[in-house]
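J.: Sequence:
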Amino acid sequence: MTATTDRFAGKVAVVTGAASGIGAGITRRLVAEGARVVGGDIAADGLKALGDELGDAFAGVPTDVTVEDQVEHMVHVADKTWGALHVAFNVAGSARLGPVAELAENDWDYTVDLVLKGQFLSAKHEARLMRRDGGGAIVLISSLNAHVPMFGGSPYAAAKAGAEMLTKNAALELARHGIRVNAILPGLVDTPATAGFLAHPQLRADFIGRIPLGRPADTGDIAGPALYLASDDARYITGTSLVVDGGWEITGYPDLSKYL
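The opening position of the sequence shown corresponds to residue 3 in my numbering, with each subsequent residue numbered one higher.
Hints listed in this document are in silico derivations from the structure and should not be mistaken for laboratory results.
Possibly wrong hints are sitting among the right ones.
Claimed, not checked - Straight-line C-alpha distance at most 27 Å; calculated BS3-like pairs for lysine-lysine:
1) K119 to K170
2) K82 to K126
3) K50 to K82
4) K170 to K260
5) K170 to K126
6) K119 to K82
Since we're looking at a predicted model, the values are computed, not measured.
Build the full structure now, drawing on both the sequences and the hints.
T.: So, in structure tokens, the structure goes:
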């Protein structure tokens, strides 16, 4: 999706998970629409490559979103570099999968900490800076799996459901400070994180067969709705979830047990 406006001109944004996939797509779209962006990610090489591409409008900050000091520092860079924070997109996430009866405790902890705790820590420090300056907008990236279970995906689905409710709770608390909080729930998106699924012919066919629009999303399909929720066009929207899945939610998940 190509930017056609300058609606984020003069705005400062934070994007977690910025080095690849949905986070990189959101970052590119923000810069194309006039924003200056601080991107956080554990992938320092990916951040450098994005910085080389986007120039002075982007500042990459190596960040583990499960470590509060690092998250606080990332948000502080936005303030120190450009003096404000207007919008934030919390994208960072990953998963270690396995059936409930077999899943290792550390795999559960890894997934829930990254997918849910990382969202909390990011929103916490973003909101503090926005509150100081009179408002802003935060968009959390949850997942279709907040609503639809996936065989072997209990930690991911549970954490993404938690992120959706965190969105609603944060929206309730922060509205009085002029801060809106909403969530995007993507379905299958063609990113490096899903490359293994999509490279498997039968598994890809099983997924695509459940998506009425007949294809995975690309990152632009997610960036557009995410930026809408952060824009002034959505100024009366807070505490809501926008499912962006090509209609997948209305058909349900394929049985993935044969692949695990």
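J.: Does each hint fit the structure? Answer for all of them.
T.: Evaluated hints:
| no. | hint | verdict |
| --- | --- | --- |
| 1 | K119 to K170 | holds (15 Å) |
| 2 | K82 to K126 | holds (18 Å) |
| 3 | K50 to K82 | holds (19 Å) |
| 4 | K170 to K260 | violated (35 Å) |
| 5 | K170 to K126 | holds (14 Å) |
| 6 | K119 to K82 | holds (25 Å) |
The structure fails to meet hint 4 from the earlier list, while all remaining hints are met.
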